[in-house]
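Please build the complete structure, drawing on both the sequences and the hints.
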Amino acid sequence: MNALITISVLAVLVLYLGLYKANKALLPVTLLGLAVALFFTINHWNVFTGPTFNDMMSYDNFAVAFSGITITSTMLILLLSKGYFEKISDHVAEYYSIILFSLAGILVMVSYHNMTMLFIGIEIMSVSLYILAGIRKQDFASNEAALKYFLMGAFSTGFLLFGVALIYGAAHSFDLEAIKMHLETNLQTGQAISPLFYTGVVLMAVGMAFKVGAAPFHFWTPDVYEGSPSLITAFMSTVVKTAGFAAFLRLFATCFYPLHDFWMPVILVITIITLFAGNITALYQNNFKRMLAWSSISHAGYMLFAIVSLGSEASYGVFVYAIAYSAASIIAFAGLVLMQANTGSDSFDSFNGLGRKNPFLAFTLTVAMLSLAGIPLTAGFIGKFIMFSNALSSMHTWLVVLAVINAVISIFYYFRVIVAMYFKDAERAELEIPLNFKVVLAISVVATILIGIWPAFLPNVI
Amino acid sequence: MIALVWLVPLLPLIGFLVNGLGRNVLSKGVLGFIGSAVVLGSFIISVLIFNELHSSPQAAHVIPLFDWIQAGNFKVPFSFQVDGLSAIMLLIITGIGFLIHVYSTGYMHYDAGFAKFFAYLNLFIFFMLLLVLGSNYVVMFIGWEGVGLCSYLLIGFWFTNSAYASAAKKAFVMNRIGDLGFLIAVFLIFTTFGSIEFTEVFSKADGPGIGAGMLTLITILLFVGATGKSAQVPLFTWLPDAMAGPTPVSALIHAATMVTAGIYMIARSNILFTLAPYTLDIVAVIGIVTALLAAAIAITQTDIKKVLAYSTVSQLGYMFLGLGVGAFTGSFFHVITHAFFKALLFLGAGSVIHGMSNEQDMRLMGGLRSKLPVTFWTMLAGTIAIAGLPPFSGFFSKDEILAHAYEHNKLLWVLGVIGAMLTSFYMFRMLFLTFSGKFRGTHEQEHHAHESPSSMTIPLVILAILSVAGGLLNVPEALGGSQWLHEFLSPVFAASTASAAHGEPMDHATEFMLMAISVGGALVSLVIAYFRYGKSGHVPAPDFGPRSFFAKLSYHKFYIDEFYDALIRKPLDAVSGFLFSVVDKTGIDGLVNGLGKGTVETSKGLRLLQTGNIGFYIFMMVIGILAILVYSFIKI
Numbered sequence: 216m217n218a219l220i221t222i223s224v225l226a227v228l229v230l231y232l233g234l235y236k237a238n239k240a241l242l243p244v245t246l247l248g249l250a251v252a253l254f255f256t257i258n259h260w261n262v263f264t265g266p267t268f269n270d271m272m273s274y275d276n277f278a279v280a281f282s283g284i285t286i287t288s289t290m291l292i293l294l295l296s297k298g299y300f301e302k303i304s305d306h307v308a309e310y311y312s313i314i315l316f317s318l319a320g321i322l323v324m325v326s327y328h329n330m331t332m333l334f335i336g337i338e339i340m341s342v343s344l345y346i347l348a349g350i351r352k353q354d355f356a357s358n359e360a361a362l363k364y365f366l367m368g369a370f371s372t373g374f375l376l377f378g379v380a381l382i383y384g385a386a387h388s389f390d391l392e393a394i395k396m397h398l399e400t401n402l403q404t405g406q407a408i409s410p411l412f413y414t415g416v417v418l419m420a421v422g423m424a425f426k427v428g429a430a431p432f433h434f435w436t437p438d439v440y441e442g443s444p445s446l447i448t449a450f451m452s453t454v455v456k457t458a459g460f461a462a463f464l465r466l467f468a469t470c471f472y473p474l475h476d477f478w479m480p481v482i483l484v485i486t487i488i489t490l491f492a493g494n495i496t497a498l499y500q501n502n503f504k505r506m507l508a509w510s511s512i513s514h515a516g517y518m519l520f521a522i523v524s525l526g527s528e529a530s531y532g533v534f535v536y537a538i539a540y541s542a543a544s545i546i547a548f549a550g551l552v553l554m555q556a557n558t559g560s561d562s563f564d565s566f567n568g569l570g571r572k573n574p575f576l577a578f579t580l581t582v583a584m585l586s587l588a589g590i591p592l593t594a595g596f597i598g599k600f601i602m603f604s605n606a607l608s609s610m611h612t613w614l615v616v617l618a619v620i621n622a623v624i625s626i627f628y629y630f631r632v633i634v635a636m637y638f639k640d641a642e643r644a645e646l647e648i649p650l651n652f653k654v655v656l657a658i659s660v661v662a663t664i665l666i667g668i669w670p671a672f673l674p675n676v677i
Numbered sequence: 103m104i105a106l107v108w109l110v111p112l113l114p115l116i117g118f119l120v121n122g123l124g125r126n127v128l129s130k131g132v133l134g135f136i137g138s139a140v141v142l143g144s145f146i147i148s149v150l151i152f153n154e155l156h157s158s159p160q161a162a163h164v165i166p167l168f169d170w171i172q173a174g175n176f177k178v179p180f181s182f183q184v185d186g187l188s189a190i191m192l193l194i195i196t197g198i199g200f201l202i203h204v205y206s207t208g209y210m211h212y213d214a215g216f217a218k219f220f221a222y223l224n225l226f227i228f229f230m231l232l233l234v235l236g237s238n239y240v241v242m243f244i245g246w247e248g249v250g251l252c253s254y255l256l257i258g259f260w261f262t263n264s265a266y267a268s269a270a271k272k273a274f275v276m277n278r279i280g281d282l283g284f285l286i287a288v289f290l291i292f293t294t295f296g297s298i299e300f301t302e303v304f305s306k307a308d309g310p311g312i313g314a315g316m317l318t319l320i321t322i323l324l325f326v327g328a329t330g331k332s333a334q335v336p337l338f339t340w341l342p343d344a345m346a347g348p349t350p351v352s353a354l355i356h357a358a359t360m361v362t363a364g365i366y367m368i369a370r371s372n373i374l375f376t377l378a379p380y381t382l383d384i385v386a387v388i389g390i391v392t393a394l395l396a397a398a399i400a401i402t403q404t405d406i407k408k409v410l411a412y413s414t415v416s417q418l419g420y421m422f423l424g425l426g427v428g429a430f431t432g433s434f435f436h437v438i439t440h441a442f443f444k445a446l447l448f449l450g451a452g453s454v455i456h457g458m459s460n461e462q463d464m465r466l467m468g469g470l471r472s473k474l475p476v477t478f479w480t481m482l483a484g485t486i487a488i489a490g491l492p493p494f495s496g497f498f499s500k501d502e503i504l505a506h507a508y509e510h511n512k513l514l515w516v517l518g519v520i521g522a523m524l525t526s527f528y529m530f531r532m533l534f535l536t537f538s539g540k541f542r543g544t545h546e547q548e549h550h551a552h553e554s555p556s557s558m559t560i561p562l563v564i565l566a567i568l569s570v571a572g573g574l575l576n577v578p579e580a581l582g583g584s585q586w587l588h589e590f591l592s593p594v595f596a597a598s599t600a601s602a603a604h605g606e607p608m609d610h611a612t613e614f615m616l617m618a619i620s621v622g623g624a625l626v627s628l629v630i631a632y633f634r635y636g637k638s639g640h641v642p643a644p645d646f647g648p649r650s651f652f653a654k655l656s657y658h659k660f661y662i663d664e665f666y667d668a669l670i671r672k673p674l675d676a677v678s679g680f681l682f683s684v685v686d687k688t689g690i691d692g693l694v695n696g697l698g699k700g701t702v703e704t705s706k707g708l709r710l711l712q713t714g715n716i717g718f719y720i721f722m723m724v725i726g727i728l729a730i731l732v733y734s735f736i737k738i
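If you're matching them up, the sequences are chains A and B in order. For the first sequence, our numbering gives the first residue as 216, with consecutive numbering after it. For the second sequence, our numbering gives the first residue as 103, with consecutive numbering after it.
None of these hints come from the bench; they were simulated from the model. Treat the numbers as computed from the prediction; the structure is a model and nothing was measured. Just to be clear, a hint being listed does not mean it is correct.
Unchecked claim - Quick partial rundown of chain B residues pointing at chain A, CB under 8 Å, derived from the structure:
#, residue
1, F180
2, S181
3, T701
4, K706
5, G714
6, I716
7, Y719
8, M723
9, I727
Just so you know, even glycine gets a beta-carbon here, dropped at the ideal spot from N, CA and C.
Spelled out as structure tokens, the structure:
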């Protein structure tokens, strides 16, 4: 709770700093505040006694773990933003502030214990994101991204909210525990569960699938990711996606678990469509940023595995996968931002010959691509491994076969970057890599390799 | 001291690491010193171990180091076994190994790969020690593969010469064929006996439930492994080619130690072989065929190292003959004496090559006796020893094998004596061609020819003394000896001695007669060689010069390489070419590329769904939602 309060106050504080033109203080203050919030979060570790605030919130280890990842990822992304926002807007303070508000919403999303809190968290996050996507006021693409995101987001929120209402109508409660109890007692006593409830479950599934960018509700993703400023895209594809999965998992793993047989086939089909749509479309992209957007869709497919095959390892799997995916994506977006700033292009060709001129950047990008492709000795492999073994232990053999085929397909487009960097020559100048980028790249690469070779480093916490 | 046996292989391993890692840092003097010193250290420990073992005889000491593999009921302890057999092997490997290291400091002094050479040599010693020390088949196999690797690396030491590189490849491939046999044998041993530890396997060998058929199969497969490593028919052709390596390597690996690994392995598993008499017959036949074939090739070769290489193959054949007729001690005795005189002969040949500025063709030598006196006298000792003339060491060991062969089967003995005559002939032929007569090389070579430095001649002298006196280890009773080696090794071969059927021991008169015949034969060969090459100064014809039919066969190694080429390599190449051009190129590649193209085409099409039109997106979403809702209504 302290973390949430810290971040909310911090957001307001940053606005005031902007008002008094203390632009230089923005980033340090934000990072410091986030560090304090991270400290408060970790302090909650293993002290969970039960839901708090009239059972509205539940700061259990699950919440702590995902709050930890999202806050850390946000810090890394903000560290990349030094000097970035100044270039595209005059209202720098607002950037930080809105990102922080969004993060506050995310903390609610990962710790809710009540449907209303889920809805409020999602909306705080989403509304902030609509603004962030369109923050480049003069840029047509940015405006288009914001509008698309908003229209479709509003559309899907309708379904989510409708689902909540139907469930309330059937179970007479917003409380996760109460809803679960309702289901269990009905199933035990043989009483029929109201069709309202079933409909509510699928509508909520649709709403959540939209938020995490699963097919066929993914159409907003490439357009919005491409139109938004790159760092905002990085934020959306890592922090927001992780939070979406945390919320999705908490809802379906605890609350709707008794109806697993009913909703599992729906999620299974969504997973398969998502994998194929993401990977196959990514194949034909010539633009690095757009490729990353499609790749983020395919990764949503892999993370959905945890929900399809709920097991003891599901939360751990999403936890590891989210870390692996976030670390690799942050590296990729850092490379993208550097590339755009220096060459103004984000096509694969702009990476030609990077291996010779910027060996460190090329190395980190290689590690990131290998991790995204799930090659052993990187965190991505461990994430996929846990997901797949989890699915196998719940007998989803065919799902794993399809997923492996997709992993093979994905190697093609991830390796295009590596091939461009090392095997294609081009006359190019050396990119200048500022210190803050070096720090972020180093942290992310170390995390990726460390988890890859020593997965026990992340204890099975949840 | 026996408990410290792990130090013996550890020291060369340290030497390998230091020399390998410090190859660009350390000076040649330091590199050579470290390389030799670690082997000397191992030798000293080996001597101490030997002493302890000698004073308190016990069947076998098994020293466990750590559990290496443990999976279900499959257990591989990393442990060493010290008994008479391995103790003597330790002495040979580290003792001769040390001499050859010292020799190499002189021989390789001007080579650019000096450090690499010593690193490889140390690594070889390490693996060879592992091979003989392992207390189970798996540790032995590690050593077995390790020495194969080092052999490959050292044969191809001058790999920029493509002929040398292919010689290395040939050795490796041939060895792999044998290794496969060995590996399958180890699997079968595990499934049959439930263990791979020597002590357990051997104690169960004649127990109930072990079928004779299974034992025969296991021993034949083990023998296949031995034919690869010890260069027997049909896998012997790699050894002559292996002479591409530096001469010290030929002496150490391809004469004294590695190639005897097959004999060591069979001697180690003697009880299995004794219980499989069919296999023993095969071993004996292959042994004598190899001995004769290689000797018949050696009599016309003109490259000094090739003569020695074929001689090695031939002598290894004798050892297998000995194993096959149940003369385990005799065979192992020959391993020891052969290690002395063959290492000596190779090092002597190396000294000649060194003095002749890297000339190996004997047709271009001659008259070197006065220029390389130490080399000549030591090589003479080696030649007499290998020819089997008393009282030099080769006489005793070869005679013991022949005596057993006589007991076993008279024909084998006759063939063995013929082989011994050939041996005497080609060895003295080599000696006369090299050292007597007139110098036939270029003027520069003649001017330059010189005796080698003392780092090379001292090992020669030591080995010469050993070659002369080595026979004393096992003087037969008929000559008033005590058969010390026989006694020392008796615990190792006890089970075989007990279970093999024993006829009347041979009377001394027969034994003297056999000795007289083989010595007489060797002397006759010596005289023929002297008249042909020593006195009349006959020089072999040039490569494509006129030769009689048999000489041509022998000179061209009975066309065995060409035969293998036609019978195995060409058909394999043809099949491989077919698989590559038809199955792989069109079939598999077509399928794979087709899949790839198909996926990309799908991608092209699927991409168009992303129209950018929100109406369309929402339309798709609604279709999705409708589908889910329909599913739900059916399901409820």
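Verification of the hints:
A least Cβ separation of about 25 Å between F180(B) and chain A goes past the 8 Å threshold, and the interface hint is therefore violated. The restraint placing S181(B) at the interface with chain A is violated, with a minimum CB-CB distance near 31 Å, outside the 8 Å limit. Here the hint on T701(B) is kept, as its CB sits about 6 Å from the closest CB of chain A, short of 8 Å. Checking K706(B) against chain A: minimum C-beta separation of about 5 Å stays under 8 Å; hint holds.
Hint status for G714(B): holds, given a least beta-carbon distance of 6 Å to chain A, under 8 Å. With its C-beta approaching chain A no nearer than about 6 Å, I716(B) sits inside the 8 Å limit, and its interface hint holds. For Y719(B), the interface hint holds, the least distance from its beta-carbon to any beta-carbon of chain A being 4 Å, beneath 8 Å. With its C-beta approaching chain A no nearer than about 5 Å, M723(B) sits inside the 8 Å limit, and its interface hint holds.
Look at I727(B): its Cβ gets to within about 5 Å of chain A, closer than 8 Å, so that hint holds up.
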